[in-house]
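Got chain A sorted already, so can you dock chain B onto it with the hints?
Protein sequences appear in the order of chains A and B. My numbering applies: residue 1 is where the first sequence begins, and numbers increase by one. My numbering applies: residue 637 is where the second sequence begins, and numbers increase by one.
None of these hints come from the bench; they were simulated from the model. Glycine included, C-beta positions come from ideal geometry on N, C-alpha and C. The hints are all genuine.
No farther apart than 25 Å at their CA atoms in a straight line, the calculated lysine-lysine pairs in the DSS-like style are these:
| hint | chain 1 | residue 1 | chain 2 | residue 2 |
| --- | --- | --- | --- | --- |
| 1 | B | Lys756 | A | Lys207 |
| 2 | A | Lys317 | A | Lys346 |
| 3 | A | Lys317 | B | Lys756 |
| 4 | A | Lys405 | B | Lys767 |
| 5 | A | Lys490 | A | Lys470 |
| 6 | B | Lys706 | B | Lys767 |
| 7 | B | Lys840 | A | Lys317 |
Some residues of chain A that are not near chain B, with every Cβ distance over 10 Å (derived):
| hint | residue |
| --- | --- |
| 8 | Arg25 |
| 9 | Arg57 |
| 10 | Thr83 |
| 11 | Asp95 |
| 12 | Arg104 |
| 13 | Arg131 |
| 14 | Lys286 |
| 15 | His354 |
| 16 | His420 |
| 17 | Phe421 |
| 18 | Gly438 |
| 19 | Glu439 |
| 20 | Pro461 |
| 21 | Glu596 |
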Amino acid sequence: MADERVVGIDLGTTNSLVAYMQGDRPVVIPGEDGSNLVPSVVALDPNGQIIVGNSARKYLIETADRAVYSVKRLMGRGVEDVTEELKLFPFRLADDLQPGEVMRIKLGDKDFTPPEISAYILRQLRRNAERFFGAPVKKAVITVPAYFNDAQRQATKDAGRIAGLDVLRLVNEPTAASLAYGLDQKKNGIVAVYDLGGGTFDISILKLHDGIFEVISTNGDTHLGGDDIDNLLIAIALDDIEGDLKIDIRRNAEVVQAIRKSVIDAKIALSTKDSTDLEVALPGGKHYQRTIPRALFEQMVEPILQRTIGPVKQALKDANLEPGQIDEVVLVGGSTRIPRVRQMVKELFQREPHSELNPDEVVALGAAVQAQILAGGSEATKDMLLLDVTPLSLGIEALGGVVAKIIQRNSTIPASATEHFTTGVEGQTAVAVHVVQGERELAKDCRSLARFDLRGIPPMPAGMPRIEVKFLIDANGILHVSAREQRSGKEAEISVQPSYGLTDEQVENMLLESFDYAEQDFAQRQVIEARNEANTILAALDKGRGGSAWQMLSNDERSAIAQQEKFLRDAMDKDDYQAIRQAIDSLNQGTMRLAELMMDSAVSSALKGKTFDEANVGEGPTAPHPFAPAEIDSKR
Amino acid sequence: MSAGLSYVRANMAVTHNHQSDAVQLDQRNGEKASCWSCGEMRAALFCESCGKLQPATPTDYFSFFGLPRKLNVDTARLERDFYQFSRKLHPDVFSRATPQEQEWSLQKSSQMNDAYRTLKDPIARTEYLLKLEGVQMEEQSKQATERARQTGETKKQVVPPDLLEEVFELNMQLEEARTNKKMGETDENLARDLRQTKASLESKHHALDDELKSYWNEWDALIDRTESGDVDAIPEQERRSVRDKMVDLLNRRSYIRNLVRDVNEVLE
Chain A
1 MADERVVGID LGTTNSLVAY MQGDRPVVIP GEDGSNLVPS VVALDPNGQI IVGNSARKYL
61 IETADRAVYS VKRLMGRGVE DVTEELKLFP FRLADDLQPG EVMRIKLGDK DFTPPEISAY
121 ILRQLRRNAE RFFGAPVKKA VITVPAYFND AQRQATKDAG RIAGLDVLRL VNEPTAASLA
181 YGLDQKKNGI VAVYDLGGGT FDISILKLHD GIFEVISTNG DTHLGGDDID NLLIAIALDD
241 IEGDLKIDIR RNAEVVQAIR KSVIDAKIAL STKDSTDLEV ALPGGKHYQR TIPRALFEQM
301 VEPILQRTIG PVKQALKDAN LEPGQIDEVV LVGGSTRIPR VRQMVKELFQ REPHSELNPD
361 EVVALGAAVQ AQILAGGSEA TKDMLLLDVT PLSLGIEALG GVVAKIIQRN STIPASATEH
421 FTTGVEGQTA VAVHVVQGER ELAKDCRSLA RFDLRGIPPM PAGMPRIEVK FLIDANGILH
481 VSAREQRSGK EAEISVQPSY GLTDEQVENM LLESFDYAEQ DFAQRQVIEA RNEANTILAA
541 LDKGRGGSAW QMLSNDERSA IAQQEKFLRD AMDKDDYQAI RQAIDSLNQG TMRLAELMMD
601 SAVSSALKGK TFDEANVGEG PTAPHPFAPA EIDSKR
Chain B
637 MSAGLSYVRA NMAVTHNHQS DAVQLDQRNG EKASCWSCGE MRAALFCESC GKLQPATPTD
697 YFSFFGLPRK LNVDTARLER DFYQFSRKLH PDVFSRATPQ EQEWSLQKSS QMNDAYRTLK
757 DPIARTEYLL KLEGVQMEEQ SKQATERARQ TGETKKQVVP PDLLEEVFEL NMQLEEARTN
817 KKMGETDENL ARDLRQTKAS LESKHHALDD ELKSYWNEWD ALIDRTESGD VDAIPEQERR
877 SVRDKMVDLL NRRSYIRNLV RDVNEVLE
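One chain only, chain A, in its complex shape (with noise of 0.2 Å):
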């Protein structure tokens, strides 16, 4: 047994997760309030304070600007790209993003890049797992959709880092839920993953044989999941209601979440009632309501929907397989609960697909099997191999902008290429190489990964230095470059500027800062319970004095007491949460002899005319000490 804690964790754009192998079975970490969700939401509150979950849901409702939500569909992307999406989410870009910067996003007065978010809702995982276990927690897996491109493994690889997390392996979500499922059901046949989340449809079509899960084909859309339903919803309503009431209360942020809200609870009644009403409280007393039945709801979402056909029919194809050859259909994501896509993936296939397993918590679930697999030592996974498949091919932009595919998609990873090139120019000493990711012919329809200058080539005649270059893509689907010029064995710098990513610097940079911001949020919660605290033992030394007891102290003592109240008070106007417990403790020390004599006289008259069980002895002295905290806890 790995004497360090590993954890799974589901990233997802709804909601996020963290489970653990617990014996031969994973089990996902319930949060501080007990839900094993964590919306991916993450708010700024009045104080300035970052808040992760649940608590942060209010946030979107009151104060929009001041809130995020499905991050994850900006992770790894431009600016350029999210434009369109943009205007349907209530939070902003900052003002002053240069092009070509990664983009930020505005939070009250405070911006964050798309991983810091990330990050955010990262070390709430952690610190949910922490709280669990009672140990530090650092090193984890973290699941990514299969058809997440390189931009965006790096950018889910980079929130990681930034949240202080080792991240062990970057884990393909369909991969993930095989591995929970096959654990469960320890079969041998070929399996289809059909998941639909909340941002992102992958399908992954593995053969599962002696515990190894081998991935033949993937594809997907990352740009497709219940988001684009509640948008549509969203939508309609919206040209409902400024049809119907002549309100356009587009530009009103909070109204709009609102409306989300109440099209995403309607979402969900409507997979188990034939009919349900979407109800919106409008500005200025006005109210919108309609009925919704589900064979409209499924009519109106219908073109979302067929759009996972395509991806299911290629990725078929890749493998080489009619729907009949695939023994088991499983689903994952919590949009697969809707009836109209069960029904689907039922025609699709031919067969019944597999629900058993909760498709909000199966990814986590597998990814915490993984996480043990890395970690090595269970009896339950030691026979159990991942075989993941890069999903898009590997490209470099050559003499006219087409694509020369070095790797193709489907190939199972680690794999690597190695290409040649040479100079064009007299004593050139750099070549650039634009690697690109994707299927299109041209580099300029493909996504553009980096771009590669390999500097220090030993100055010769055009055409004769004889540049390798290595191409390799590892476990985690990231792609690692390395060059060499071979008549000289020179090894190439390569210097790499990422089309949408972060530089190491930036996240290193990132890292350190959320440490001091850390710091700063553990400094400032020390700060709250210390002056919650004293609030508690003022409140009681004022019931005191009203008291009997009051009057059996000195005078001497009385005025320490006084003295001490005073300083308590000066300490609560700092932050300094030291000194602020300090003055806690001395007051509690004055304070003992008026605390015995409150418990005495409590007691007595209690006593008085009634027998010792009567008198409800659990109040008398064995109860705390009401003006020291329950448990002396001497770690603070």
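Just chain B, lined up with the frame of chain A:
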């Protein structure tokens, strides 16, 4: 770390015959490098003595799997070997090992995946062998066409002689169909003709598979005739003869595939 060592050791026996093939490769090259961990004689994948993972060496794909350079391959056995090697080489297995071993595992498993992917597919396998034999395949791909279109250079055309007339006819039909399509018209007769041509091309394509198999057998026979199983022992003349036949076939095959693709595009 010791858990990793005993895990590898326990499986040493199973892969032993592969390792001895790989060792032979090393001996042929005159290399007798020693194991970085225990100093004993090193094998290509794992040290025979202490079982530690060794650095990646440039190895051809056939040797990696301990296979002779024959074109007929037992793909079922290849798959089994692939899984066996994966269990030992995959980075997940080395997640708690030294950074150096992790690096080697990354290199070796990518080498293995590349090897498996190439050897598994009949055409890729053939092309790979030809590459080892020093043959440069002429690109018939759409890529080359695109490039030509972009840069204005003329694409190198290698039209199989037996198809010359058909191709001429077909190109005219394709032009006509493309023009129709642009103008939104459909000519049912033309479409039917094109479909027929496509069917005929497809059956030619299938026939090529059998022809290729026969060349494989020829090649393998050459290897079998040598005592050592060493390709270099075969006279160059005989090698070239089989090679050229395979190159020609692959070109024809590629050409036909492109034609079929062009017809499909226009019929969509």
